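Engineer: Chains as they are written, first to last, in my numbering: chain A, 1 to 214; chain B, 1 to 108.
Please keep in mind that the hints were generated in silico from the structure rather than gathered at the bench. A quick note: this is a predicted structure, and the numbers were derived from the prediction, not measured. Every residue gets a Cβ at the ideal spot worked out from N, C-alpha and C, and that includes glycine. Honestly, I wouldn't trust all of these hints.
A few chain B residues facing chain A, derived, Cβ under 10 Å [unchecked claim]: (1) Y22; (2) P45; (3) V48; (4) M49; (5) T54; (6) L65; (7) P66; (8) G78; (9) A106; (10) L107.
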Amino acid sequence: MGLGFPILLGYLPIGMAFGVLAESLGFTPLQATACSALALAGAGQFIALALMGSGATAIAVVAATTVVNLRYVLFGAALSPHLDRVRPVGQALLAFSLTDETFAVNIDDHRRGSADAWSMAGVGAIAWAGWVGGTAVGALASGLIGDPARWGVQFAMPAMFTALLVAQAESRRHVLVGVIAAALTLGFMLLLPGRWYVVAAPILAATLAAVLPR
Amino acid sequence: MSATYVWTVIVAMAVINFLVRYPPIAILSRVALPQWLRRWLSYIPVAVMATLVTGEVLRPGGTWLPPLTNPYVWAAVGTGVVYWRFRSFLGASLAGVAFFLALRAALG
Numbered sequence: 001m002g003l004g005f006p007i008l009l010g011y012l013p014i015g016m017a018f019g020v021l022a023e024s025l026g027f028t029p030l031q032a033t034a035c036s037a038l039a040l041a042g043a044g045q046f047i048a049l050a051l052m053g054s055g056a057t058a059i060a061v062v063a064a065t066t067v068v069n070l071r072y073v074l075f076g077a078a079l080s081p082h083l084d085r086v087r088p089v090g091q092a093l094l095a096f097s098l099t100d101e102t103f104a105v106n107i108d109d110h111r112r113g114s115a116d117a118w119s120m121a122g123v124g125a126i127a128w129a130g131w132v133g134g135t136a137v138g139a140l141a142s143g144l145i146g147d148p149a150r151w152g153v154q155f156a157m158p159a160m161f162t163a164l165l166v167a168q169a170e171s172r173r174h175v176l177v178g179v180i181a182a183a184l185t186l187g188f189m190l191l192l193p194g195r196w197y198v199v200a201a202p203i204l205a206a207t208l209a210a211v212l213p214r
Numbered sequence: 001m002s003a004t005y006v007w008t009v010i011v012a013m014a015v016i017n018f019l020v021r022y023p024p025i026a027i028l029s030r031v032a033l034p035q036w037l038r039r040w041l042s043y044i045p046v047a048v049m050a051t052l053v054t055g056e057v058l059r060p061g062g063t064w065l066p067p068l069t070n071p072y073v074w075a076a077v078g079t080g081v082v083y084w085r086f087r088s089f090l091g092a093s094l095a096g097v098a099f100f101l102a103l104r105a106a107l108g
């Protein structure tokens with residue numbers, strides 16, 4: 001997938017939207033950019049903004065984003081068999097730059113046999129640059145950009161997730177897992193508070209698929 | 001919004017983000033995983049993506065939208081078809097945003 005350049009182009013506008021929103025809530029451009037640079041968390045950052053805007057305590061904000069980010073435990077585990085020859089420093093950098101998009105691209109590259117530590121580092125660095133650069137531009141130029149919702153930016157993340165979902169559907173069993181996960185998501189969204197469905201639905205769907213007879 | 005509040009959230013999120021990402025990689029890459037666990041892990045990507053798409057399109061920004069007139073749902077269907085047909089990540093993402101803008105205008 002071209003070392004993540006499509007991710008860069010996808011992250012720029014979403015990063016800009018984050019910068020604009022953060023600035024409108026009272027973040028300084030430095031704070032907005034530092035948030036993206038240090039706590040690269042995509043959807044988790046937007047959730048944090050929404051909660052901070054509604055006056056939640058720092059603990060409540062961090063707890064909510066942690067729940068959403070627990071999926072990265074699963075991502076790290078899924079990538080780990082491919083990283084046995086990477087040194088700890090490299091593993092730490094790959095972990096730091098791990099997002100939904102970089103994960104999906106790296107898994108896809110591994111399946112084609114075209115991924116190594118360098119290509120993964122490139123994907124991570126390019127995605128990070130797009131996200132952080134976009135945030136800085138958005139926070140500094142929020143007056144010029146206006147309301148990012150006008151440009152349909154709120155669909156950029158779901159659009160990337162959708163393309164990544166179709167990319168992962170490599171066999172009938174994987175399609176089945178996706179359908180089960182979607183159904184469980186709907187159920188858990190109705191039953192569980194907050195965003196616990198992000199953790200519960202994938203774990204149960206993968207488990208069901210693993211124990212079902214072939 | 002006080003500077004202390006904002007910096008507290010940023011630093012705490014940064015620390016936790018690293019703590020959920022690094023240990024699984026550092027620990028599990030050193031051990032040989034059993035076959036059943038590798039199989040389970042191979043289902044995780046598609047399961048997480050299906051969950052994220054479902055959650056984001058049915059309840060965007062935390063608000064449930066009526067499914068039949070929800071522009072997110074139909075734009076996601078269009079995005080999926082474009083990716084499936086053309087295998088272009090960027091093309092599908094751009095087409096998705098275009099679908100979304102058109103549907104939002106059409107559905108009100």
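Engineer: Could you tell me which of the numbered hints above are not met by this structure, giving the numbers in increasing order?
Structural biologist: Of the numbered hints, 6, 7, 9, 10 do not hold.
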